[in-house]
Amino acid sequence: MKRLEVDVAVIGGGPAGLAAALAARQEGAAKVLIIERNHELGGILQQCIHHGFGLHRFKAELTGPEYAQRFINLVQETDIAVLLETMVLEVSKERTIYAVNSQEGMLEIQAQAIVLAMGCRERTRGALRIPGRRPAGIFSAGTAQRYVNIDGYVPGKKVVILGSGDIGLIMARRMSLEGAQVQAVVEVLPYAAGLARNVVQCLEDFAIPLHLESTVIEVHGEDRLEAVTIAKVDQNWTPIPGTEQKIECDTLLLSVGLIPENELSSGAGVELDPITNGPKVDDSLMTSIPGIFACGNVLHVHDLVDNVSKEAEKAGAFAAQYALGRLSAPQKRVKVAAGENIRYVVPQEISLDKPVEFFMRVQRPDQDVYLDLGGLRRVKKQFVKPSEMLNITLTPDVLQAFAGETLTVRIVSAKEVGADA
Amino acid sequence: MKREAKTEKTVQVAIIGGGIIGTLVARELSRYELDVLLLEKEAEVGWGTTKANSGIVHAGIHEDPGTLKAKYCFPGNQMFPQLCEELAVSFKRSGILVVALSAEEMDMVEMYYQRGLERGVPVRMLSREELLAQEPNLTPEVVGAVFAPQGGSVMPFELAAAAMENAVANGAQLMVESPVLDAWVEGEKKYLETPTHIIAADVVINAAGLFADEIARMFGDAYFSIQPRKGEEYLFDLGMKGLVNSTIFPVPSGKTSKGILVIPTADGNVMIGPTSDNVGSKDDLGTSYDGFERILSETRRLVPQLDPRKIITQFAGLRAASGRGDFIIEFSPNVPGLLHLAGIESPGLTAAPAIAADVPRLLAEQGVALTPKQNFNPRRAGVVRFRELSRAEQDALIRENPAYGRIVCRCETVTEAEIVDAIRRGARTLDGVKFRTRAGAGRCQSGFCQPVIMELLSRELGIPVEQVTKRGPGSEQICYEAKELLGKEVS
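Residue numbers (our numbering), protein chains in the order written: chain A, -16 to 404; chain B, 513 to 1003.
Looking at chain B on its own, in the form it has when it is part of the complex:
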C-alpha cells in the first residue's frame, strides 16, 4: 500500500506494544486529559512475552541492589492488591519460598532474607520442620527456606487485557493488527507507519518488548539491543491443585535466572518452568525435549511427586532482555519525546504497575501538561466466573440469563454467557477466548468445546466459521466446507 493511501491520525501519546507494560501505561495515562493511542501488532493485546509469563508477582528479594529492577519490583508488588481489585483480575498472595537443599544454599537463603529486611519486604526464615509443615510435598532433603508471604501470582494476559479494557473505557484508543512498519521524526512530531495508518504523535512510548530495539533503530536511535531469552513452561491438570501452596524457588545457580520453579498459578493449576536460554531468533517459540527434561529433573529435586503424565500443555515465551542486564526506562538521548520502556524482563510483570505509575512523572519532566480527568473510572466491570460461584448463585444467574446454563467448556466449567461476555470485551480469537475465560485451557485442551466456541465467535463477530482464527490472520482452524476439496488437485 502506498503511504498516500493511508489514513493520517494525530495523537498526543502513541504507545507501541500492548504487553503488560504498554497496557498498564495506557491505563495510567488515561487518568489524564491526553489523547492516547496504543498500537498492537497482534490481533489482541497481551500476546507477546506477556501471555507466556509465569505470572509470579515477585516479593522483591531477588534483585541486585542499585538496579532499576530492585527500584520498581517491591513497589510494584505493593500495588497489586488494589490494581487487581480495581480491574477485577484474580490475584493470589500465595507467597514465595526460596528453598535450600544444602548448608551452602542456606547461606544464599540467608542473604535473600537480609536483603528482604533491608528493603522492608516482609520475610521469614523457616526451619526444615516449619517448611515441611507448610509444604508437605517438598522433598524431605530440604534444609530450610526464606518465606516472603507477599509474593503471589496473577494471570498476566488477563491483567493486560483488563488494563486495556479499562484504558479504552477511559478514552484511550487501541489499534490491533497494527505493527509499526516505519518510524521517523519531522519537526516536533514523531511519525509511525502501520499497514493502514500514518500516526503523528508528540510523545512515543516504546513498549515494544522483544522488538523495542528495532523500533529504536527505525528512529535512528539504536543505542541498545534486546536479546531474546527463552523460557519453556509445562502446565499440569487441575487435579494437581494443592501440590504446593506457594511458589517454590530453588537457590539459583546462574546469574541470569532465578532458577526453575514450581508455581501454583492464580487459576489453581500447578506449572513448572521456566528454562532460561538465549536464542538467536525473536520468533523461536518452540518447546523442546531438552527443555522439558531439564525442567522436570530440576523441579523434581524439590517436589518429587511431580508426575509428567498429568501435564496438559506446554508453551514457550521469550524474555526481552537488554544488554545492560537491567530495565531501560528513559527518554532517548537522541530523539526528543521518545520514551523507551525496554528490556523489561523478570521481574517485569511485578514491576509493571510501578513503572506505569512513574510514566506520568517522566512525561511531566519533559513538559507534557497533565490535567487529571474528572470522570476517570479506575474500575472495570467484574467478570463472572461461573465455576467459582455457589450452587444458589449459579441458579440465580441462569434465571437471569439462560446462557449461564449452557456449559461450553466441561473441563473448566465455562458457560456460553462468559464466552459471549469475553467476545464483547474484545476477544476475537480462540486464544483470546481461552486466555480470558479458560474455555479450552483444561485437560481436553479444547477437544470438545472448540467447535462450539468457533460457532460463538462466528455468531458474535458476524464472520463465517472459516474466518475464525486461533490467534489472528493466518491461523484459521477450518479451511474448507465439506466436499469442497473433492475433484480438486491437492498439492
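The following block holds chain A by itself, in its conformation from the complex:
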C-alpha cells in the first residue's frame, strides 16, 4: 500500500476543490493534494456547456468548462499535486484518507487538514416514490445532461421534466436545441424552483409550458416510457382528483433537488445538519471534526458557482492555517439559528472574532422585507425566494456587540420594522 503525507488534502476537483486547493497553497501550505474521481478536473462544470457562469467572479459570462478552466490553469501553474481517476473510499477522523486508482492501487494519505469538496447528487424517482412502472427513459436531469453534452447522445424526443430546479430548466432548453419536444415542466411549488433568469431564458423563450402546483402521479409504459399522468396538488402536495392529465412522452427528466454527498463525511463521524444535509461548520468552515473542513455543494447546495469559489477559498485558507498550526481555537462559541422564514444558515456556529459570511435561504418567497441578523444588522430585501441564496458578511467589530448565546437570523416584515423604529 502506497503511503503519502500532505499538509492539505482536498477531496474533489470541482469548482470548490480547485478554489480551496489554490487558497490553501497561497496561504502557505507546502504540500497540497487534490483527489478527483473523474479523468479531468472541473467536476460537474464540465458538462454545463451553457453560459452564465462567472458574472460575479470574473464579470464575464462564461460557460461551465470555461469557468472551470480558469481555475484549472491556475492550479497547473502551481505545485499542487493532482490525483485523477482516484476514488476516496474512506476518511477517518484522524484525517487518514484511503483512496484507489488503477495505477497505484490503494493509497493511504495522511493529511494535516482535509477539505471536503465532493459536491452533491440528484434526488431520484425512488426518493419521490412516483408510483407506476419502471420503464426505461427516466433520468435525473444531470444524467441526461451528461449523455447529451459529454457523450453525445439524446435520450429521447418527447420530454417531460419534473421539477423546475436549475438543471431541469437548463435541460429543457438543451433538449429543445437538440430537436426534442419538451412537452411540459411540472413543479409542485406555486413558483419555479430555479433562478428567474433560467425560467425566462430556458422556458419562456422556447414556449415550454410550466405547470405549477402540479406533479407526476403515475408513470406509464412497460419497456420504455410512454406517458406520464400529471395532476394539480393541494397545499399538502396531495394530488387533487379530477385534475389528472396524461402527457405522452418517451423521456422523463427529474430535477427535484440536490443532496450533498456526505457519505465520506458521515463515515469520518462529521456531524451533519439535517436541513442542509451538509456538515455543520463554524466560521472557519471547519466541521465537528478538528482539521476537517467543508465547502461548496457538499456543505450546502449553491445556485451560483461564484459563491462556491468564494466559500471554498475561505475553507482552503483556514485548512492551511490549521495544517500549519496557525488556526487558534475560538474564544467564544455562538450558535447560529434559523428564525422566521429562514430555512437554514451556514455557518451553524461562530466565534465573533473573525469576519463571517452568512449564507442562508428563505423557506418561502416574500417581498419588501428585512433580513435580520441577530439584531446586529438589518438589510432591506425587495424580494426573497428559496431559489436565491442570501449572503451577508459581518465583520468582527459588528459581531463583538453580540451578547447572547444564539444568534438568530430571520426575515422581518416592513411593518414590524416600522413598529420597532
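If you're looking for bench data, these hints aren't it; they were derived computationally from the structure. Predicted model, so just to flag it, every value in this text is computed and none were measured. Treat the hints loosely; a few may be bogus.
As the list claims (entries may be wrong) - Below, in silico cross-link-like pairs of lysine-lysine (DSS-like), each with a Cα-Cα straight-line distance of 30 Å or less:
1. B/K604 x A/K140
2. A/K293 x A/K315
3. B/K822 x A/K318
4. B/K1000 x A/K140
5. B/K822 x A/K76
6. A/K140 x A/K229
7. B/K1000 x A/K141
8. A/K337 x A/K363
9. A/K14 x A/K337
10. B/K518 x B/K794
11. B/K521 x B/K885
12. B/K822 x A/K368
13. B/K1000 x A/K229
14. A/K337 x A/K293
15. A/K318 x A/K337
16. A/K364 x A/K318
17. B/K995 x A/K229
18. B/K794 x A/K229
19. A/K215 x B/K822
20. A/K14 x A/K(-15)
21. B/K794 x A/K141
22. B/K583 x B/K604
23. B/K885 x B/K583
24. B/K604 x A/K141
25. A/K76 x B/K753
As the list claims (entries may be wrong) - DEER-style ranges, computed between Cβ atoms:
26. A/P273 x B/L629: 53 to 59 Å
27. B/P593 x A/A64: 44 to 50 Å
28. B/P652 x A/A64: 52 to 58 Å
29. B/D819 x A/A312: 31 to 37 Å
30. A/D380 x B/Y801: 51 to 57 Å
31. B/L629 x A/S249: 41 to 47 Å
32. B/E996 x A/E227: 32 to 38 Å
33. B/R903 x A/E68: 15 to 21 Å
34. A/A320 x B/A994: 47 to 53 Å
We treat Cβ as the ideally placed atom computed from N, Cα and C, and that holds for glycine.
Fit chain B to the known structure of chain A by using the hints.
Below, chain B without anything else, positioned relative to chain A:
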C-alpha cells in the same frame, strides 16, 4: 415467422421459465446425464417474480400443517447454507421474529412457537425485555415474540442467476428471449414453439410462474389457474443498515399473507413490504401511493424510526398464487411427461431448493433414466465483491487487475472489473448488471454510473450504446445521437 423457418431442436427435458424454480431445477438436473434446455422469455433469467421477491428464507413456522408449503419450506431452509456456499451467493442467517403487540397476538405467537417445536424448527420465545435487547429499535409497545434463528435472507435474483450459470457450466442449455408461443403433443414427444425454434422434448417442466396456467392451457391441460397477487416493496439507503437485525414479522391479520415486514436484506439495506393484493393483470407491476401508505403505517407500528425520506427505490412484483392456496407439484393428469411446478408463491423461494431436489425423484417415477454425471461440479467460481475486502486485499487485487482500481458505482463501491465479470457471466442489460453487482442500486440510483455502465456493456457485448437496454428489447435508454433529431418532425 413461419413454423417451417424455425430451427428444430430435440432435448430430453425442456424447462419453461428461468425463475428461481426453473433455474434450480436446471441445476439439479444437470447432475445427471440428461439433455436439459431452459427457455426464458426475458433477456435474462430471474426477471419475473423472482427479482421482486423479498428475499426472505423462511424458518418454516408460518405454513399450515398438511400443505406442500409446509412439506418443502423447512427442508428448503436447511439446504440454503450449502447451496449458497456452492454457488457463491450471499446468504445471511439473520433470523426472523414474529412480534406481538398485544396479549391476543401473543396467543398467535405461542401457536407459531408450538408449530416450530412440532416441526423440529429451532425456535425460542422472547420476553419483551429480551426482544428489546435484541432489537432496540422496535416500538416499546411490544409484548413478546417468537424468534426463529435459522430464518435468513438471500438475494433471489443472484441465486437464480448463479444456479443457471452453474447449470450451464454442467451442460444445461439456456435460451433467453424465448417465450413459448405454442405447445402441443405429438406421439411421445411434446413440442414447444418459440420465436426462433421448435423444441421437441420427452419431458416438459412447467415452471412458468405467473404464466404456468397459460402454458398448461396450450397443452390442453387447463385444470388450474394462477392468480397474480401484487407485492410492493420500498428499499432504504444503506445508511439505515442495522436498524433491525432480524426480519420483523407482525402477527398476520389476514389469511393470504404473513403481513408487512421490516427486512434486513442480504445486501445490508433495510426494506419494507410487501403488500398483498390480488390484481387483474399479470403485467400490473406498478407501485402506488396507497400501497406505500399502508406499508409505511404498518411497519412503523413495529419500527417507529423508519424514515420515508431515506427510501431510495421501490418496486412491485406479482406472486403466482394458485387457486388451491398451495403449491402445485405434480405430473399432469392429462398430458404424460408434463410436470407442473406451479403456484409457487411464498414461501416459494425458501422451498425452491427442496422442490428442485425432489424433481429427479418425480422424473424417475415416470421412468426417466437418471445416470449421475461423473464430472458434475456443484461449485460456481466465486464473485469478487470489492467493497467487502480489506484495504490490503483491495490493493493486491488492483495490482493483479487494474480494472479493480476503477470505481464505477460510487454509492455501492463497484469496480469496472466486477461489472466486466458480470457481463462475461451473462449480464446483458443495465438491470442485469445492477442485480448481479449492485452497480446502480444505491442512493443515486445510477445517476452517475449509468453512462459508464452503458459504455462497458457496449464494449463487452460489441453493440452500439444505442442498443444497450435497461432490461431487454424495447427498453433502450438512449434513442438518438446528438443533433440527430434536428430538422426532423417530432410527433
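Okay, the hints, checked on the actual structure:
no., hint, verdict
1, B/K604 x A/K140, "violated, 45 Å"
2, A/K293 x A/K315, "holds, 25 Å"
3, B/K822 x A/K318, "holds, 28 Å"
4, B/K1000 x A/K140, "holds, 10 Å"
5, B/K822 x A/K76, "holds, 25 Å"
6, A/K140 x A/K229, "holds, 17 Å"
7, B/K1000 x A/K141, "holds, 13 Å"
8, A/K337 x A/K363, "holds, 24 Å"
9, A/K14 x A/K337, "holds, 26 Å"
10, B/K518 x B/K794, "holds, 28 Å"
11, B/K521 x B/K885, "holds, 22 Å"
12, B/K822 x A/K368, "holds, 27 Å"
13, B/K1000 x A/K229, "holds, 24 Å"
14, A/K337 x A/K293, "holds, 16 Å"
15, A/K318 x A/K337, "holds, 15 Å"
16, A/K364 x A/K318, "holds, 24 Å"
17, B/K995 x A/K229, "holds, 28 Å"
18, B/K794 x A/K229, "holds, 23 Å"
19, A/K215 x B/K822, "holds, 25 Å"
20, A/K14 x A/K(-15), "holds, 17 Å"
21, B/K794 x A/K141, "holds, 28 Å"
22, B/K583 x B/K604, "holds, 23 Å"
23, B/K885 x B/K583, "holds, 28 Å"
24, B/K604 x A/K141, "violated, 45 Å"
25, A/K76 x B/K753, "holds, 21 Å"
26, A/P273 x B/L629: 53 to 59 Å, "holds, 57 Å"
27, B/P593 x A/A64: 44 to 50 Å, "holds, 49 Å"
28, B/P652 x A/A64: 52 to 58 Å, "holds, 54 Å"
29, B/D819 x A/A312: 31 to 37 Å, "holds, 35 Å"
30, A/D380 x B/Y801: 51 to 57 Å, "holds, 55 Å"
31, B/L629 x A/S249: 41 to 47 Å, "holds, 44 Å"
32, B/E996 x A/E227: 32 to 38 Å, "holds, 33 Å"
33, B/R903 x A/E68: 15 to 21 Å, "holds, 19 Å"
34, A/A320 x B/A994: 47 to 53 Å, "holds, 48 Å"
Violated hints for the displayed structure, listed by number in ascending order: 1, 24.
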